[in-house]
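Protein chains in written order, with the numbering used here: chain A, 1 to 396; chain B, 1001 to 1286.
The hints are simulated quantities; they were obtained by calculation from the structure and are not laboratory data.
Check before you lean on any hint, since a few could be wrong.
[Unchecked claim] Below, a sample of chain A positions facing chain B; criterion: calculated Cβ distance under 10 Å:
| # | residue |
| --- | --- |
| 1 | R154 |
| 2 | Q210 |
| 3 | S318 |
[Claimed, not checked] Using C-beta positions, here's what the derived DEER-type ranges look like:
| # | chain 1 | residue 1 | chain 2 | residue 2 | range |
| --- | --- | --- | --- | --- | --- |
| 4 | A | R154 | B | A1177 | 45 to 51 Å |
| 5 | A | S237 | B | A1263 | 42 to 48 Å |
| 6 | B | S1281 | A | W250 | 31 to 37 Å |
In this text, a Cβ means the ideal position worked out from N, Cα and C, and glycines have one as well.
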Amino acid sequence: MTKRSVLFSVAVLVGVVAIVGLTMGHSIHAQQDNSYMSPRTPWGDPDFQGAWENRTPTPLERDPQYGTREFLTEEEAASRAQTGGGLPDGEEGVIAEDLAAADISRTARSNSLDSNRPGQKISGAEYNSFWNAPVSSRITSLRTSQVVDPPDGRLPAYTRAALENWEAREAARAYRGEADTWLDRNVMERCLLRTGLAMGEMNVPKDIYQTPGQIVFDLQYGVVRTIPLDGRPHLGSAITQWWGDSRGRWEGDTLVIETTNFNNMQRGGDVMPSHGGIYGNNHAHHHPGTGEQLTMVERFTRTGPNTIDYSYTVTDPSVFVAPFTAVNTWHIDQNNPDVYEYTCHEHNYGMVGLLKGGRTDEQISMDEAAREVNDRKPQFAAEWEQTKAWEAEQNQ
Amino acid sequence: MLHRVTGSILAIAIAAAAVVVMVALWPAETKGQGAAYQAPRLMGTANPDLNGIWQVMGTANWNLEDHSVDPGPFPTLLGTWGVQPAGQSVLVGGGRIPYQDWALDKRRENLETRLTMNPDELSTQGDPEAKCMMPGIPRATYLPFPFQIVQTRSKILVAYQFNVAKRTIHMDNHTEAPIDFWMGWSNGRWEGDSLVVDVTGFNGLTWLDRAGNFHSEALHVVERITPISPHHMMYEATLEDPNVYTEPWTIRMPLYRRLEGAAQLLEFRCVDMVEEFIYGSLTKSQ
Chain A
1 MTKRSVLFSV AVLVGVVAIV GLTMGHSIHA QQDNSYMSPR TPWGDPDFQG
51 AWENRTPTPL ERDPQYGTRE FLTEEEAASR AQTGGGLPDG EEGVIAEDLA
101 AADISRTARS NSLDSNRPGQ KISGAEYNSF WNAPVSSRIT SLRTSQVVDP
151 PDGRLPAYTR AALENWEARE AARAYRGEAD TWLDRNVMER CLLRTGLAMG
201 EMNVPKDIYQ TPGQIVFDLQ YGVVRTIPLD GRPHLGSAIT QWWGDSRGRW
251 EGDTLVIETT NFNNMQRGGD VMPSHGGIYG NNHAHHHPGT GEQLTMVERF
301 TRTGPNTIDY SYTVTDPSVF VAPFTAVNTW HIDQNNPDVY EYTCHEHNYG
351 MVGLLKGGRT DEQISMDEAA REVNDRKPQF AAEWEQTKAW EAEQNQ
Chain B
1001 MLHRVTGSIL AIAIAAAAVV VMVALWPAET KGQGAAYQAP RLMGTANPDL
1051 NGIWQVMGTA NWNLEDHSVD PGPFPTLLGT WGVQPAGQSV LVGGGRIPYQ
1101 DWALDKRREN LETRLTMNPD ELSTQGDPEA KCMMPGIPRA TYLPFPFQIV
1151 QTRSKILVAY QFNVAKRTIH MDNHTEAPID FWMGWSNGRW EGDSLVVDVT
1201 GFNGLTWLDR AGNFHSEALH VVERITPISP HHMMYEATLE DPNVYTEPWT
1251 IRMPLYRRLE GAAQLLEFRC VDMVEEFIYG SLTKSQ
């Protein structure tokens, strides 16, 4: 397994959801190096082709102590790096030590409160904190959060509809086991979705291909996004898909992709799954809503030979009271020129095991009840004897 | 309007007839050289431009060999929807697959258990297509779904609609397969206007059709894709597998371009369509 595939950058990112905000025009542009002239394809489009990664030490949401401040000072960044904000730099051989260090700190953290799940401890999410382990310090950023809009760097509040929907899903969860059916497991465990909707949420290995009138993103986790740039309209609204329907256009040298037509399955169904959450649970990297009202706008601008500024704005009025926008820098992936085959469902013995475990739990419960019945039999028989003896006495 | 429609139908009919003739006349010994048609070049290269959305017509996915019409496994449930149409062998020369003796028995067993669902044999029993698993090569080509070729100079991505399968054809930096894959490991090169793809690194879990035709992990496929008109390419695949066959054998079929102006790959993420089929026996009894 490569370093990139192991050390998913989005560290603190946790939960994750496609984030949003049609209101770009944002500070990402202030950070852009507009003097860089993008290379061109033979037909004249800015050339984004290559293998990219988007590891980052920047959390999705901002620590409230920074208020509306988008960037750390160098001193703050140095301090953050020393206090666990990043792993030591190093070559491939250091990975094992990195992971061992991450394991130790994860254990230490597992009893602390999880900032993404108010009132709950991190304990239980250890496995996933491994996948989102703190990242190599080789990629640095002074950003205080990936979310740049709203200005406080925090996700907007949920709508009443979203919270009521959450309640309804919890109610549907009641009296169900952890694995009555596959519906009790989340979309990742079911091999339906592996990453969030936006490509910045998790460091998924990605290859970009371009041909005239088209750009294609090959994402390692079972997704190929073939995106027309020829001005054709979106699919009709009766056609919905897990990854929606994307259309791209050029605004100067910036590629803008708008995605609609998401299916109504993004949250996995009407039952709150075990290891599921409306948002902020590592085990469920998916949009908290149904997806039916979801629109995502992504923007890509090359800022140097090895970097792309990426932003994504997600608008879903059924889930968030406002759109929001997050930014993320993509880097040429020097070590991993290939995006490999990804299969999940093909070998999902995990689901087989979960369901068998559920059935085994039930059988244990049945067996235990039967054992108790059995244990009472001698006493029951003795009581009968006594009663019959008394009756016999009466009849004499 | 009527004239235009009639005209279009005529044009399509003529094109289709031309392809039928070309297929019929395609010399058995040809390796794709010498075809008269000159395809447009991929911008910035000297190679033919294969970009587009393509699809095979026919019934090869039911059975690569000659097969009669058959009611299919669930006629009382599906009526004609589930019927296997008759079809001719797609093997060059119309023959049969040169199986070793033991392998013929294995194929028969595959056919008999093609829709058997045993969760303990998740990826090792039954037709992988029915279970929404990666189709492998060459089957991905002739599934009844479109696929898209995304061609650049150094890499060619083939994205299949079925199960969002895909593979990368490496045009330079050829390397051995680093591990086994469902879709194999593809290295490509140009021979004239033919794209020749060498595919190895299979895991041996994929099938060749619904009739139980199969291969082992030793499968080596050489594909040859040659443009023969603006809207057609000839597809050939030679299969070599010393564990299963007595000699290499070749299939051949035309690829048709999807000409609808709005054509695009749509998702066929079938996982949630087969959960009941695969896991149904393991759910809580009511």
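Regarding S237(A) and A1263(B), is the given constraint of 42 to 48 Å on their beta-carbon distance met? 19 Å, violated
Okay, S1281(B) versus W250(A) on CB: inside 31 to 37 Å? 52 Å, violated
Does the interface hint hold: is R154(A) within less than 10 Å of chain B, judged Cβ to Cβ? The hint is violated - R154(A) has no Cβ within 10 Å of chain B, the shortest such distance being about 33 Å.
Assessment of proposed distance window 45 to 51 Å (beta carbons of R154(A), A1177(B)): Because 46 Å falls inside the window, the suggested range holds.
Interface hint outcome for S318(A) [beta carbon to chain B under 10 Å]: Interface hint status for S318(A): violated (22 Å vs cutoff 10 Å).
Given hint Q210(A) near chain B, where the shortest CB pair must fall under 10 Å: 7 Å, holds
Hint violations for this structure: numbers 1, 3, 5 and 6, all remaining hints satisfied.
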